[in-house]
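Here the protein sequences come in this chain order: A and B. When the first sequence is numbered by the numbering used here, its final residue is 428 and no position is left out of the sequence of numbers. When the second sequence is numbered by the numbering used here, its final residue is 338 and no position is left out of the sequence of numbers.
Simulated from the structure, these hints should not be mistaken for lab results. One or more of the hints may lead you astray.
[Unchecked claim] The list that follows gives simulated cross-link-like pairs (lysine-lysine, DSS-like), each with its CA atoms no further than 27 Å apart:
| no. | chain 1 | residue 1 | chain 2 | residue 2 |
| --- | --- | --- | --- | --- |
| 1 | B | Lys231 | A | Lys418 |
| 2 | B | Lys250 | B | Lys231 |
| 3 | A | Lys418 | B | Lys250 |
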Amino acid sequence: MIEGLVEAIPFFEELRFWAIVILVAFGLFFTFVSAVGVIRLPDVYSRAHTASQTDTLGAGLALAAVALALGWQNATVYTVLLLFFVFITNPTAAHAIARSAAESGITPWEKETDEEVTSDD
Amino acid sequence: MYNDGRAEGVTVAAERILVPLSETVTVRQTVGYAIRSGLERADDLECHLVVALPSDREMPEGQTEVETARSLLSRAESWAREDADSSSVTIETAVLGDEEYLFGPRDFVGTFSEYADDHDIDRVVLDPEYEPGATAGLLQPIERELEAVGLPYEEAPVERPARHEQLIGDGTQQFDRLFAMFWISYGFYLVLGDPTYWFDLVTGAAVAGIVAVALANVTFTFPLGRVRSPVRTVRFGLYVPYLLFEIIKANLAISIVILRPSMPIDPKLTRVNAHVRSGLPLLALANSITLTPGTLTIRADDQRLVVHSLIASARDDLFDGALERAVRFVFHGRESAAIASPRERGDAEIIGGDEL
Chain A
308 MIEGLVEAIP FFEELRFWAI VILVAFGLFF TFVSAVGVIR LPDVYSRAHT
358 ASQTDTLGAG LALAAVALAL GWQNATVYTV LLLFFVFITN PTAAHAIARS
408 AAESGITPWE KETDEEVTSD D
Chain B
-17 MYNDGRAEGV TVAAERILVP LSETVTVRQT VGYAIRSGLE RADDLECHLV
33 VALPSDREMP EGQTEVETAR SLLSRAESWA REDADSSSVT IETAVLGDEE
83 YLFGPRDFVG TFSEYADDHD IDRVVLDPEY EPGATAGLLQ PIERELEAVG
133 LPYEEAPVER PARHEQLIGD GTQQFDRLFA MFWISYGFYL VLGDPTYWFD
183 LVTGAAVAGI VAVALANVTF TFPLGRVRSP VRTVRFGLYV PYLLFEIIKA
233 NLAISIVILR PSMPIDPKLT RVNAHVRSGL PLLALANSIT LTPGTLTIRA
283 DDQRLVVHSL IASARDDLFD GALERAVRFV FHGRESAAIA SPRERGDAEI
333 IGGDEL
């Protein structure tokens, strides 16, 4: 029984290593997508959508990787708490930006309707 | 109109006042002031005592609310008769809003102004402690809304026990708050510290004690239920994984849209009337909506949420109201989660950008 566990440990270590790599990779991917979105999207409102992606999944997955890498110790709890605070403050910030944009009278960008497109032609 | 005949007989026109009541320490004084001030202004007074109910009569909590409202009204009526003495005072009582859900201050004022129009009300006398439903601190927004609809109002000058004593409420409530606050802060302290080290245990207890005494009344502005509050916390624990799942789903959908070269986005402003109460439930819903990419709360004007949606599928999810149901589940339990979606209720619409 105990021998079996000892044999299994390198396997779990390996698994943990790859899990960390995958989490970091996905975290980076979503952060990248969010950066692309900020550049490509047309106005402040739609950019606020994608900016929150960095916080939710980008930071979320990266912090999950950190927690996994640290293993079972006190600092792991801190990363979970950190994630919790990010999840509370992110929508607050996004809402504040969108709201102040609305207060400044910025009208949201909308897809041109078909009528307008045909009249342009 | 039924007043016409009487107005001819009396030189001073009848004064008609509306007094919204709720179960407060100052409700007795408010009724007294309403009658007294009304009689000073005119010889003939018509006093409408009303109780506005937050819930629907159909809902389980609605029935008991109607009964408490009736008993408050009958007590208030006898107080008013006592104060009116022999003067000519007509007293009308009514239960308002039992046909529909009233959530924010705007809903309450809407009901009042409808009633005021029907009965030719001259002014509203407000109880300074007025608290319809369980929501605290509605008075100022209600006054703002009354101003907006152009209904004259007045706060009854009442003598009341100092604010401090009022917050304390009865003993057990205060104990519950202190107890909850103490263990929450103690738990947090030990999570950050080391729960096996005696020094952290002692300093944690001291800090938690100070925090509990100083902040219990600030943190919990609503009465805690010994069973309900822990149950809510547990249900919130169930809500978090569900929310995470929704966030991941929405993130993938948005990522695909952004990375596609044609970028098929279709941003639209929408208005959704949420059926959750003001305060914490509304905060939870608005934050969850913003947290899922693709929907972004721009305004939370009472229950009227203005939400910007980036793609059609996110908009459909919003109109299907899954998050709203989940928030209702967290705060009110499974039965109240089973409500029609905003789309079915007609509470969801796409609005133009100029309506911000």
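Problem - Indices of hints not satisfied (ascending) - result: Nothing - there is no hint that the structure violates, so all of them hold.
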